Amino acid sequence: MRRPGATARGVIVTAGGRNIVRVEDFHVEGGELVAVIGPSGTGKTTFLRALSRIRRRGIRVSGSITVEGSVTIIPQEPWYGVSSPYVATELSFSGLRIEELTSLLRELELEGKEFKATTSLSAGEAMRLAIASAMASGSEVLLVDEFSSYLDSESRDASIELLRREADSGKAVVVVDHSPWIVDYADRVYVSIGSTIREYSAKDVMEAYRDVYKLLEELAPPKPLDDIVLEARDLKYRYPDSQEILKGVDVELAKGSIAVVRGRSGSGKSTLLKVLAGVYKPSGGKLSCMCKRLLVPENPLFFLSEPTVAEELGGDKALASMVGLEKAFSNPIGVISSGERRRLALASAFKRGGEVILVDEPTVGLDPWSAAKILRLLVELALSGVGIVVASHSEVLARIANRVIEM
Amino acid sequence: MLERILLVVVRALFLHDLRMLRMGSLALTLPHTALVYLTLSQPSISLVMILVQHSTYIISGMTGLVLYSSVLASIPASWMAFTQALLDAASGGPGSPARYVEIWARSYAASSAILYLVHTLNPSEISYTLWRLTQSCSTALSPLLIYRAISGLLSEAFETITTHRLKGVPPWRTLAILIFRSAEVSEMMEEGSYSHISRCRPRPLYSARGLALQALILAIDAVLFIASQHLY
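So the sequences go chain by chain: R and E. Heads up: the first sequence begins at 150 in the working numbering, then just goes up one per residue. Heads up: the second sequence begins at 2 in the working numbering, then just goes up one per residue.
Please keep in mind that the hints were generated in silico from the structure rather than gathered at the bench. The structure presented is a predicted model; accordingly, all values stated were derived computationally and were not measured. Note that CB positions come from ideal geometry on N, CA and C, so glycine has one too. Each statement offered as a hint is correct.
To spell it out: a stretch of chain R is covered by chain E in this simulated footprint if at least three of its residues, at any positions, have a beta carbon under 8 Å from a beta carbon of chain E; those stretches are:
#, segment
1, 192-206
2, 241-254
3, 262-271
4, 447-456
Quick list of the computed label-pair ranges, beta carbon to beta carbon:
#, chain 1, residue 1, chain 2, residue 2, range
5, R, 158, E, 135, 30 to 40 Å
6, R, 463, E, 180, 20 to 30 Å
7, R, 252, E, 28, 23 to 33 Å
For the chain E half of the interface with chain R, some residues (derived, Cβ under 8 Å), not all of them:
#, residue
8, 124
9, 128
10, 160
11, 161
12, 170
13, 175
14, 178
15, 181
16, 182
17, 196
18, 200
19, 202
Assemble the whole structure, with the sequences as input and the hints as a guide.
Next comes the structure, spelled out in structure tokens:
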């Protein structure tokens, strides 16, 4: 009987004559969960695409890739792993009846979400739905990109256990991530360093990450000033087609301080930022802020408005160098990485005189090294007198917080 | 202003989940729109049909649609009435106010009837029908993807516009970012739909109550239409 799986031998992926990633020997077979981890920009996603036979323009793949079985790829932003407008229609496309899809959703702790619009799902819910969709379609090889980026720790654990079960049921599962937590769940671990992917032992993996944990431990909150720049009492907000999402939130932000809004995916963190920014009008409570507020959304591209890094920063090379973008100074924003876009958006908000900067999920999708850079940047901005409110599901943000608001 | 218009458009088209009225059939909703159009020469009749349509939104728990779709339908209606008034003024003097009210009512009914088609579109039915006709998974997936992409991109557009408003960016620059983002989104959606394109077994999802409600609207429409033929 044919066993699902994938093998890559002597694979080199290039773009414009430049090596993106090189893989000497990689294999995964039915019953296994294999992790590929490593810093951003080392070719993990490119390798996953090569394995799935998705070819983007200008990409060349040489070497041998063999795949046995039907493949599903779940992209880094889980919303794009869902192709339908509603949860039920996503699963009915693979032939599930309403009672069958309800039962599957119950298994994935998505009970009661059958008729929800997929655009309204939190990241964790979208990831579980994408996995459910792959299960319903009968895919035998699951390729999951940047798995934990958008998930809080509970959703992350629930989702990886689900993938482990899929592997145990005979499917071949490849999970790409940038953090080593996944080592405990994987049968084998490949590490992507310097654009080369090779197998590592769990002990060697932890060693490779030791320096970044030290870097994170050194971070500390800024010393705030006395002036209060933003104050909210008993804030409430309700979307027109849902229940009240904010139920009496209090926020007090001093100049030069960092407040971190924490909570599970879908708990209303982003909504709170939008209410504090003045994008949404609160349905109750009091908000006072006579200052310039800027909002850096979860996708930093939404903040950027100029074609190049230099133009976005008004030609300020010193600022570019402060946020580590001196080498990318003349680059168009279309070609810079997700981490660079995030640093650029924060620097741009600072350049534009934001007295209060509201930042949504600043470390999402970033490897620990890039995340540490962002945290340091936030502290530096606060030290220059800016009040910062950060919404994040990441526990590491608490290290730089003067105040934590639990949702 | 632009963000308010966009918010009304997003809410008027995509507010509320897959409620029962969205799990009916195009075979029952298309005739409603057709009958509203056939009675446009008698705006009072077509407006009653729209009133019935709005009542079913409320019965289905889609109350928000009444407000937002009314606002959206009023935009072309007001434009038509206003431009007619301008034309009349340019060609010798304004007509009676009743004439403009009638133009407004016709246009409002026509727009609301089109919105009804959008509000009651059952994506699983369209997808299933296309699959039966073509046996192609990518063709069957296309209506689902289009619906998903439009609602997603409009929500992203709203977020970008509001962020740029706070930043003080002129709207034309916002447009450039939106175009760039739509290219990124299309690449990611292509990747995400990879497994669906190669294998599918689309199944239509119907709600008995949704079908009954749509049939009831159609029955009331038929009575109104027949009555209008005899009354006028």
